[in-house]
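S.K.: As a plain string of letters, each chain reads:
There are 2 protein chains.
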Amino acid sequence: MSLLVVGSIALDTVKTPIEEHGDLLGGSASYAALAASYFSPVQLVGVVGSDFPQSEFDFWRSRKIDSEGVQRVEGKTFRWSGEYSWDLNTRETRSTELNVFENFEPRLPQSYRETDFVLLANIAPALQSHVLKQMEKPRFVVADTMNLWIESTRGDLDALLQHVDLLILNDSEAREMTKETSLIKAGRSIRKFGPRHVAIKKGEHGALLFGENEFFSCGAYPLEDIHDPTGAGDTFAGGMAGYLAGAVGGKITFTDLRKAMIYGSVLASFCVEAFSLDRLRNLTMEQISERYEAFKLMSQFEMPE
Amino acid sequence: MSLLVVGSIALDTVKTPIEEHGDLLGGSASYAALAASYFSPVQLVGVVGSDFPQSEFDFWRSRKIDSEGVQRVEGKTFRWSGEYSWDLNTRETRSTELNVFENFEPRLPQSYRETDFVLLANIAPALQSHVLKQMEKPRFVVADTMNLWIESTRGDLDALLQHVDLLILNDSEAREMTKETSLIKAGRSIRKFGPRHVAIKKGEHGALLFGENEFFSCGAYPLEDIHDPTGAGDTFAGGMAGYLAGAVGGKITFTDLRKAMIYGSVLASFCVEAFSLDRLRNLTMEQISERYEAFKLMSQFEMPE
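Going down the list, the sequences are from chains A and B. For the first sequence, this note's numbering assigns the number 3 to the initial residue and increments by one for each residue that follows. For the second sequence, this note's numbering assigns the number 3 to the initial residue and increments by one for each residue that follows.
The reader is advised that the hints may include incorrect statements.
Identical copies look the same in the list; a pair holds intra-copy or inter-copy alike.
[Unchecked claim] Okay, derived cross-link-like pairs now, DSS-like style, lysine-lysine, Cα gap no bigger than 25 Å in a straight line:
| no. | residue 1 | residue 2 |
| --- | --- | --- |
| 1 | K181 | K194 |
| 2 | K181 | K253 |
| 3 | K66 | K187 |
| 4 | K139 | K194 |
| 5 | K194 | K66 |
| 6 | K181 | K17 |
| 7 | K298 | K139 |
| 8 | K187 | K253 |
| 9 | K135 | K298 |
| 10 | K253 | K17 |
| 11 | K17 | K135 |
| 12 | K194 | K17 |
| 13 | K139 | K66 |
| 14 | K181 | K78 |
| 15 | K66 | K181 |
| 16 | K187 | K17 |
| 17 | K181 | K135 |
| 18 | K253 | K139 |
| 19 | K78 | K194 |
| 20 | K135 | K78 |
| 21 | K253 | K78 |
Derived by calculation from the structure, the hints in this document are not laboratory data.
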C-alpha cells in the first residue's frame, strides 16, 4: 500500500567538527520519503522554490516517490544551516530561512486523498492537521513532532493527537510534554493525550514503544563512526511508516510495530553514515535485511539452539 | 559452583527527595553477594566493625552466604551517606567514614582459595589484586570498578585488568577510561587493556556487552517507581557473576554472558524498588524467572508464531 508523506523539503548547510557541506537535500519529508520508499510507494507533499534542483525530482521518480503533491513556487527553497558539537551529540541552528515554506499550504492531489497510510513528518501541527482533513479515511496515521511545537503550539498539537495512531518523538520531547522524568511514565502518559501508540527515540540508546498494556524496548544499531546525524529521526519515522504501509498493509498489530521500529532504526543507522541523504540514495533491500538480522542477533537474550 | 565475592560492607544513610533512612546495610559486597546468592553459594570477603549487627551474619547464613571471610574488627563499620537529586539520576556523597575499612587487608580462608569464580566488587584495584593473588587458579574473574579508581589509581587498575575475564563499568566510566565519546568505540578499546569481555551499564538505558567480534545490547527492565538506586550497579554485577558460577559453571560462552547480563539487570530492577537490600532479601526464583521472561518478551524483535 502507498504512504503519503508530508513535511519540509529543504536545502541544508551542515557543519560537523570535520566537514562542512552546503546545498544538501534536507527537510523532514525528504528523509522520511526516501526511507519509506524502500518498503512502499510514496506520495510526497511539500513545497520547493525555483532554485530547487530538477535532478531531485528525477531521483524521486526513480525511487517510486510520487512528487505530484510537491508545489513548485517562485522564490527560494526553505534553507536550514546547523553546526554540531565535537561529539555530534548536540547541534546549534545557525540560520533558518523559511522562504517559500512561509506560506506553504499543503494541497493534496485527488489521487492522494484515499491513501490508507499517512506520515505527518515534522512540521507545524496545524499543517499536519490540514493535510489530515483533506484525506478520506486514512487507516493508520503516524505523526512526528518536535520541542518547538510542544512549546509554541501545544493546543494545535493536542488537537492533532486525537487522530494519531502512532506518535514518534524523542526522549527530551517526551519529558517536556509530560513533565515526567521517567520515560516509562512519560510514554504511558502521552497515550492518554490520544495516540494509540507512542515511540520514544533515545538516539544512541535506542527506542521505546508503548501500546495498550504493551511495551517494547530496543537498543540502537551500534555504529563506530557517525558522519552526519541530520535527519536520523525523520528517517526513523519514514522507515517505520513505510514498513507498516508496504510490508504489513492490513491490520497493524503490536508485533508489526516492533518490526517497524527496528526497520526505522536500521534505516536511521544508514542515514548517519554519510552527509545528507547520500547513504540512503542507493541502499539495497539486501543490505537493509542483513543489518536487520545482525541487529536481531545482537539483541537476542538467548540464541536459538 | 561457588562464587567468591570481595568488596565493601557498609552501613549507609540514604536520602531521597521523599525519604531518609540510616543504618542501612550497604556496600558493594553486600549487594553483590545477596544478588549472587540466588544462583550460587557465595563466599564473602570483607570487614566490619564491632557495631555491625549480628543479625546480618544470621541472614547471610540463611542465604548460604559463607561469612568466614568477613573479618570482625574493633571499631566502627565503614559508613557512607548520600543524597539523591529530585529525579534520582544523580547523587551527592554527604560523608564517607572509612573506619575499620581503612586498614582492611583481605585474607582468604583456606576454603576460599580454590574457588573457581570470583567477583571483585567495587573496591580499590590494589585490594582486588591482593585477593586474586591469594587464589589458586580461578576459572573466571569478574571485576567492577568506578571513576575514583580510574582517576586516582589507574596503574593499579591496568595491572588488575590483565587478569580479568569480565570488566563491568558504567557509561561515564567507560568514556573516562578511553577518552572516547562513542560507547561502541569505548567498549572495544577497553578490551585492549586486558579484559576478554566488557559490560557497560547505562542505567535506565540498559547495558552493552562486548566480546571478541561479539556484541550484545539490552535495555533496562522498565520501572515506573524507583525508591532507592543505591547498589543497583553492585547488584547487577552480583547477579551476573552469580548466574555464571551457579547456572553455567563450565566453559562460559558469549550466550551465557548474555543471559547473565539479563539476570544482572533483573536483580538490579528489584534492588531499586526499595531502600537498601530490602527488596532483595526475600525474592523467589519464581519472581526472578517471571521478570526475566517478561523482559525477554519486551525485547524480542519478532514474536514466536
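S.K.: Does each hint hold? Answer for all of them.
M.R.: These are the hints, each one checked on the structure:
1. Only within a single protomer do K181 and K194 lie at most 25 Å apart by alpha-carbon distance; the minimum there is 14 Å, versus 42 Å between protomers.
2. For a Cα distance limit of 25 Å, the shortest separation of K181 from K253 qualifies neither inside one copy, at 33 Å, nor across copies, at 48 Å.
3. With identical chains, the CA atoms of K66 and K187 are never at most 25 Å apart, being 40 Å at best within one copy and 38 Å at best between copies.
4. Taking the closest pair of Cα atoms, K139 and K194 come within 25 Å of each other only inside a single copy of the chain (23 Å); across copies the shortest separation is 57 Å, beyond that limit.
5. In this assembly of identical chains, K194 and K66 lie within 25 Å of each other by CA distance neither inside one copy nor across copies; the values are 37 Å within and 47 Å between.
6. When the C-alpha separation of K181 and K17 is checked against a cutoff of 25 Å, the pair qualifies only between copies, where the shortest distance is 23 Å, while the shortest distance within a copy is 32 Å.
7. Taking identical chains as interchangeable, the C-alpha atoms of K298 and K139 are never at most 25 Å apart, the minima being 35 Å within one chain and 37 Å between chains.
8. In this assembly of identical chains, K187 and K253 lie within 25 Å of each other by CA distance neither inside one copy nor across copies; the values are 27 Å within and 41 Å between.
9. For the homomeric pair K135 and K298, neither the shortest alpha-carbon distance inside one copy (38 Å) nor that between copies (41 Å) is at most 25 Å.
10. Proximity of K253 to K17 under the C-alpha cut-off of 25 Å is found in neither arrangement, the shortest distances being 42 Å within a copy and 49 Å between copies.
11. For the homomeric pair K17 and K135, neither the shortest alpha-carbon distance inside one copy (38 Å) nor that between copies (52 Å) is at most 25 Å.
12. For a Cα distance limit of 25 Å, the shortest separation of K194 from K17 qualifies neither inside one copy, at 39 Å, nor across copies, at 33 Å.
13. Taking the closest pair of Cα atoms, K139 and K66 come within 25 Å of each other only inside a single copy of the chain (23 Å); across copies the shortest separation is 64 Å, beyond that limit.
14. In this assembly of identical chains, K181 and K78 lie within 25 Å of each other by CA distance neither inside one copy nor across copies; the values are 39 Å within and 43 Å between.
15. Neither within a single protomer nor between protomers do K66 and K181 lie at most 25 Å apart by alpha-carbon distance, with minima of 41 Å and 45 Å respectively.
16. When the C-alpha separation of K187 and K17 is checked against a cutoff of 25 Å, the pair qualifies only between copies, where the shortest distance is 23 Å, while the shortest distance within a copy is 36 Å.
17. Proximity of K181 and K135 under a CA criterion of 25 Å is satisfied in neither setting, with 30 Å inside one chain copy and 51 Å between copies.
18. In this assembly of identical chains, the alpha carbons of K253 and K139 lie at most 25 Å apart only when taken from the same copy (15 Å versus 59 Å across copies).
19. Taking the shortest alpha-carbon separations for K78 and K194, neither the intra-copy value of 40 Å nor the inter-copy value of 52 Å comes in at or below 25 Å.
20. Neither within a single protomer nor between protomers do K135 and K78 lie at most 25 Å apart by alpha-carbon distance, with minima of 28 Å and 72 Å respectively.
21. For a Cα distance limit of 25 Å, the shortest separation of K253 from K78 qualifies neither inside one copy, at 41 Å, nor across copies, at 65 Å.
The structure fails to meet hints 2, 3, 5, 7, 8, 9, 10, 11, 12, 14, 15, 17, 19, 20 and 21 from the earlier list, while all remaining hints are met.
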